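S.K.: Mind docking chain H on chain Y? Use the hints.
As you go down the protein sequences, you meet chains Y and H in turn. Residues 0 to 465 in numbering that gives the first Met the number 0 are what the first sequence lists, from first letter to last. Residues 0 to 486 in numbering that gives the first Met the number 0 are what the second sequence lists, from first letter to last.
Think of the hints as simulated: they come from the structure by calculation, not from any bench. Do not take every clue at face value.
[Claimed, not checked] The following label-pair restraints were derived from C-beta to C-beta distances:
| hint | chain 1 | residue 1 | chain 2 | residue 2 | range |
| --- | --- | --- | --- | --- | --- |
| 1 | Y | G36 | H | M0 | 48 to 58 angstroms |
| 2 | Y | R300 | H | P373 | 29 to 39 angstroms |
| 3 | H | V238 | Y | A312 | 33 to 43 angstroms |
| 4 | Y | D154 | H | G159 | 22 to 32 angstroms |
| 5 | H | E452 | Y | E12 | 20 to 30 angstroms |
| 6 | Y | N230 | H | H205 | 45 to 55 angstroms |
| 7 | H | K477 | Y | E202 | 32 to 42 angstroms |
[Claimed, not checked] Under 10 angstroms between C-beta atoms, here's a sample of chain Y residues computed to sit facing chain H:
| hint | residue |
| --- | --- |
| 8 | A96 |
| 9 | Y166 |
| 10 | T203 |
[To be verified] The calculated lysine to aspartate or glutamate pairs, modelled on DMTMM-like cross-linking and capped at a C-alpha distance of 25 angstroms, are:
| hint | chain 1 | residue 1 | chain 2 | residue 2 |
| --- | --- | --- | --- | --- |
| 11 | Y | K401 | H | D26 |
| 12 | Y | K10 | H | E444 |
| 13 | H | K190 | H | E201 |
| 14 | Y | K412 | Y | D394 |
| 15 | Y | K366 | H | D28 |
| 16 | H | K477 | Y | D299 |
| 17 | Y | K16 | H | E107 |
| 18 | Y | K56 | H | E311 |
| 19 | H | K164 | Y | E180 |
| 20 | Y | K366 | Y | D418 |
| 21 | Y | K32 | H | D233 |
| 22 | H | K209 | H | D157 |
| 23 | Y | K284 | H | D471 |
| 24 | Y | K56 | H | E107 |
| 25 | Y | K56 | H | D108 |
This structure is a prediction, so every number in the text was calculated from the model and none was measured. Ideal Cβ positions, reconstructed from N, Cα and C, are used throughout, including at glycine.
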Amino acid sequence: MSYLFNTPDEKREMLAKIGVESVEALFEQIPAKHRLGRDLDLPAALTELELEQHVQKLAARNGGRSSRTCFLGGGVYDHFIPAAVDAIASRSEFYTAYTPYQAEASQGSLQAFFEFQTLICQLTGMDVSNASLYEGGTAVSEAVFMAMRITKRHDRVVVLGSLHPEYQQIAETYLSQIGCELAVVPTPDGVADPAVVAEAIDETTACLVIQTPNFYGCLEQVEALTKIAHNHGALAIVSFDPISLGVLKTPAECGADIAVAEGQSLGTPMQFGGPFLGLIACRDKFVRQMPGRLIGETVDRNGKRCFVLNLQAREQHIRREKATSNICTNQGLLALRATAYLSLVGPQGIQEVANLSCSKAHYAAKKLCEIDGLEMAFDQPFFKEFTLKCRDGADEFIARAKQSGFDVGPGLKPFGGPDDHVLVAVTECRSRQEIDDLVEAVRSGVTASCDGVAAPHIKVPTGQRV
Amino acid sequence: MRNTQATELLFDLAQPGRRAAIFPESDVDTAAASECIPAEFLAAAAPELPEVTEPDVIRHFTNLSTLNMSVDTHFYPLGSCTMKYNPKRHERLAALPGIGDLHPYQSEDQLQGMLAIQYEMQEMLAEIAGLPAVSLQPAAGAQGEFTALLVASAYFKDRGENRTKVLFPSSAHGTNPASAALAGFECVQLKDGADGFVDLVELKAHLDDKTAVFMITNPNTLGLFESKITQIADLVHEVGGLVYIDGANMNAILGVTRPGDFGGDMMHYNVHKTFTGPHGAGGPGAGPIAVREFLADYLPGPIVSRSESDTETFTMTTPAKSIGRVRSFFGNVGILMRGYFYLRTLGAKGLREASEDAVLNANYLKALLEDVLPVPHGNHCMHEFVASASDLQKERGISAMDIAKRLLDYGFHAPTVYFPLVVSDAIMIEPTETESKATLEAFAETIRKIIGEPAETLHNAPHTTPVSRPDDVRAARKPILRWRSEK
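One chain only, chain H, in its complex shape:
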């Protein structure tokens, strides 16, 4: 049933002379830029874009879309990514006139509804974090990290302290060290304890008066809550450092505990994970940050504030000692909107139930799988767990990748594999709360079936996807990063 002709490259479908969008004749004195702009600025010809019809375009992309797995079509237990259902009402509301069609430079009196939403979003994110000051500006989690680290840097500079180091456990997301380096810090990676938690001895050994920030994901990337988080935070605070919570795993703890309550001084949210912004095959996201009161003055502007005399009036302000801008305009508002709609439809109880079911689902799936895929760390997990395929690897030569790829044949998206590095042959599974018991059982059953299959079948998997395993080495050796005309 696959239409392979329609999924040829756009450029191979093109025929000179075809048109799709056609624009009106000019209704003013001139019709061409050449009548308005000196020739030295003008191109000799139009750009060499493909020439196709609208039906070409629609059939091409519609058929391409069917080559994807997605949350709307498949179970997507991708660890650390929180691939939960993306409510349709959010899409409609984000596009409403008065929301989706606002220009960022309209005057404040034309934006009061939008600013009211942003203000309320700031307040809700502050409450969920247990940290009172929020900036909605960062465009994604990584930019949130970077922004918060600049806030920390400005805070220390203001206090006349020269702190140069950012510490993080080896299980940290790659963005943590990358953001720290970008913010001008020296990166210090700590060895994890054998139990997958932060090793307090190792932490102590690296903490000193040069320590600016300790970055930690909690629940951590093993899906476990750092039970020693209090001691960790106390140790960092004792040397005058700040604790940063990478909020990638917030989906486990909404309304149960708050980063501000367990020692965090700063955090980011991933609105596209926790609060249902669709992932869009890689983005857009939104990475708002929340910080303690004493850091509020350093946040990037603009921040929305409410008039004290008239609670229906909102203005945009920049904090007194702001680090400056990190993004143009006001952040990824469209994604923040979806987060706002989600929070408003769930409310406090709904959010807590979402986390409870996320944790319940993860533990149930773990219980269903543990005898065939051992989970080396922890007793109960939070919203995700990390199993290990190392026995299978040793005994039968079956790798985590083999299992992941074979799952695609059975209509399940692959879990995250080989991350975090602290587990050998890691398979990181996060079912989310928006899946049924039956789906979890079907997934577990499929894993059992796969493990029983001949190793050869698995090495060559997937067998039924639009393409089989790609040759990554060839791709990297002589990169082809664009189509070129053979002319």
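Just chain Y, with the same shape it has in the complex:
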């Protein structure tokens, strides 16, 4: 394949105009000893048809949500994506445009991102959102750096142990070179104990990082926790699930100073973990410490409303080593998808998605816990995801489900958790039938391995009925 235009005749004319004999002459500025002098050792070129056949063959070695039933969670969820989201994101005027530095030729993207910022504010209750970060993990680290600049405290950051372990690992990496202590508050009960958190935070702490629903699916006592942070002059960073805000209190209402999230649930396919959408929103007074691009409204020379990249003096291309972040490329196209998604679902739709996911997850938890050998790992309220404790081990549970076409997990062992804990996530996409089938699949496995049917051990989380 090739996407080239120049015919041999045209090349000759072009070289004549340039005044050289050959294209090779143009490369003479590269010292001869550094020129490769051979072809790169790459696989042979494929035509479009061959490529498609090749990729189809490789795709067939994978099992995705199209061929299997997905109860997987851990920060990435199989939520429904309306067709209109794909239709909008497939407009190549959007997806083949560059960063909107030339405002006059980029009003489409700029306005869409201004709408995105507004929608994220409406969803979170926060005052201001940027135009996206890489994903939910780095968004936490960016928020931590932001808090350090705002509080001028650079020595200590406190995170809850229930924060997504990969987000914790990223924060460790990001903080590794600047001598800042990353203190992790253990959460053995599935959520943080405010009294323990209060012990961990002191007057040198820049921020407290809370995730809710947390990695285990449990809801944290966010209001109590943000108060503790504020009592010590620290900022409260809340990592949220955007879908949960269809029914749960907003980060703003719970006292967050900076709210961050993985925005994948808002219309982005799972695509093996990326590209995703990092969300960050904050209170007005912190806007000049915000990382990444911000779109602002202004007027053109004729007084007409228009949109521009705003407050660019925070960014690397102006401020260089003093920038609020090194981020340049963001996740524009995924921000557009989220804008389309939130427009399509609206206030009622997102409430429906949240209610359905929550109800179905609770149904699945109840049904699974009716099986002897399975129980809730934590006695805490949860939203759409929960941690099961499996008598026969998480791997065994995952394997039984997998055999019947159901994907559950991840197990917590790879993250340093107990080997009998596993996550199960349920979205609006899962039907009662699929849940019942999953339950049957793991039940028959359990009974087979338990040598007879034991009396169902039912442990339903408390505090669920109000």
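M.R.: Then chain H, alone, in the frame of chain Y:
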């Protein structure tokens, strides 16, 4: 023909009571979160999102899209950005079942096809770089820089060396110093030589046993190959430092020369530039890095490796002394996929031809323009060149910005202006290989025409775009960063 009503703000189009997406009734015991979760956690009302219909949404965004210039609609000679054609087959293949629908926590045996692709991608990127160890994890070029600098830091720490400085020329992309600062280094900016190249005397003066890394874009931001790159690399290596190649300009040298062959120890790719990931109006990108063997143990995990006993089996591993994670899951896989499809369809010869035509096109356009827009540095350029409007500025008060803005009226996207700073009134032009001779000629003709126009016409340009020049000062003075209800 413009539908201005449909491009009102989404929030002004909304009417309470309108719906688009509607979800099914609950088929389980409960229908509402309020039956499952204690009241103290619940919001009093739904979020205040706009209420619109699906036709509203489609017409709104479709009309908005027409207010953009894009690679699919216009010539986009934006220097340092490599705005080449984005093949459509990539979009379809990246969305295939078994590719686009994979959850990152599926078990490895359900991912063998995906891991095979990633493994092959690592191998291809290593070969193109001439550097054997690759991490696909970084989400964009800037994160690639940051990651590589952490790798360098870990390497030096392991050797018991305390190196604190990162050096870069003043023509470096802003991300270089920003990434170095984030990685905890002291940033040292070198003055460029008068010829736009690295000044060896200046470099020597700053190199010492505190030097960790010298970051350099090669070809540089003037579109010139640093011909003294060997001496530069030797000098850096002599003091025990490492050479980082910012791969933003890789499109000029694919299969011609390799960063690993001209002294680079580490580099990043911008898959969204060189290997056709669509820019998406700002992202997503992907910024995989390649490093020398002695740095491989420090790369972030996971890395895909192939089983020695069964070449069809792949596993994910984390290197022994890994710096840790820089991103959740496995990087911007969807963009890496597009890069993979591109490399597989071009092959070695196709890649080299792409670079050759990119360089040919740039030199042809330079030749067409040089008499009206002088190019102060270099004889022949690589894939881009930097012209200067300073004569026009002095003689007629016409700025680089004026020319850029007026080009929009004629249906050309503006080049990058005022970067790099080493050229006054810089106009940075990168045509890429996916443009025809006729397009280049039309562009050059238009520049000539523009230069002949009254200065006043240019100062007020653009005249035909959806909006004229925005008031940036007003935007910054009292930032309006979101719509608010007047209620």
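S.K.: Now tell me if each hint is right for this structure.
M.R.: Evaluation of the provided hints:
In this structure, G36(Y) and M0(H) meet the distance hint of 48 to 58 angstroms, their C-beta atoms being roughly 55 angstroms apart. Between R300(Y) and P373(H) the beta carbon distance is about 30 angstroms. The supplied range of 29 to 39 angstroms therefore holds. Under the hint 33 to 43 angstroms, the C-beta atoms of V238(H) and A312(Y), about 35 angstroms apart, fit the expected range. A C-beta distance of roughly 25 angstroms is found between D154(Y) and G159(H), which places it inside the suggested range of 22 to 32 angstroms.
Range check, E452(H) to E12(Y): about 28 angstroms between beta-carbon atoms, so the 20 to 30 angstroms window is met. Taking the beta carbon of each, N230(Y) and H205(H) are about 47 angstroms apart, inside 45 to 55 angstroms as hinted. For the pair K477(H) and E202(Y), the supplied restraint of 32 to 42 angstroms holds, since their beta-carbon distance comes to about 35 angstroms. With its C-beta approaching chain H no nearer than about 4 angstroms, A96(Y) sits inside the 10 angstroms limit, and its interface hint holds.
The beta carbon of Y166(Y) comes within 7 angstroms of a beta carbon in chain H, closer than 10 angstroms, and the hint placing it at the interface holds. For T203(Y), the interface hint is violated, the least distance from its beta-carbon to any beta-carbon of chain H being 19 angstroms, above 10 angstroms. Of the pairs offered as hints, the one joining K401(Y) and D26(H) holds, with about 24 angstroms between alpha carbons and a cut-off of 25 angstroms not exceeded. Of the supplied pair hints, the one linking K10(Y) and E444(H) holds, its CA atoms being roughly 19 angstroms apart against a limit of 25 angstroms.
Straight-line distance between C-alpha atoms of K190(H) and E201(H) comes to about 7 angstroms, which keeps the hinted pair within the 25 angstroms bound. About 9 angstroms separates the Cα atoms of K412(Y) and D394(Y), which keeps this hinted pair within 25 angstroms; it holds. Taking the CA atoms of K366(Y) and D28(H), the gap is near 11 angstroms; set against the 25 angstroms cutoff, the hint holds. With a C-alpha separation of about 15 angstroms, the suggested pair K477(H) and D299(Y) falls inside the 25 angstroms cut-off, and the hint holds.
The straight-line distance between the Cα atoms of K16(Y) and E107(H) is roughly 56 angstroms, outside the 25 angstroms bound, and the hint therefore fails. Simply put, K56(Y) and E311(H) have alpha-carbon atoms about 13 angstroms apart, close enough for the 25 angstroms limit, and the pair holds. Our distance criterion of 25 angstroms between C-alpha atoms is met by K164(H) and E180(Y), whose separation comes to about 23 angstroms. At most 25 angstroms may separate the alpha-carbon atoms for a hinted pair to count; K366(Y) and D418(Y) meet this at roughly 22 angstroms.
With a CA separation close to 15 angstroms, the supplied pair K32(Y) and D233(H) stays within the 25 angstroms bound. Restraint check for K209(H) and D157(H): the C-alpha separation of about 15 angstroms stays at or below 25 angstroms, so the hint holds. Note on K284(Y) and D471(H): the hinted pairing holds, with a Cα-Cα distance of about 21 angstroms set against a maximum of 25 angstroms. Taking the CA atoms of K56(Y) and E107(H), the gap is near 17 angstroms; set against the 25 angstroms cutoff, the hint holds.
At roughly 15 angstroms between alpha-carbon atoms, K56(Y) and D108(H) fall within 25 angstroms of each other, so this suggested pair holds.
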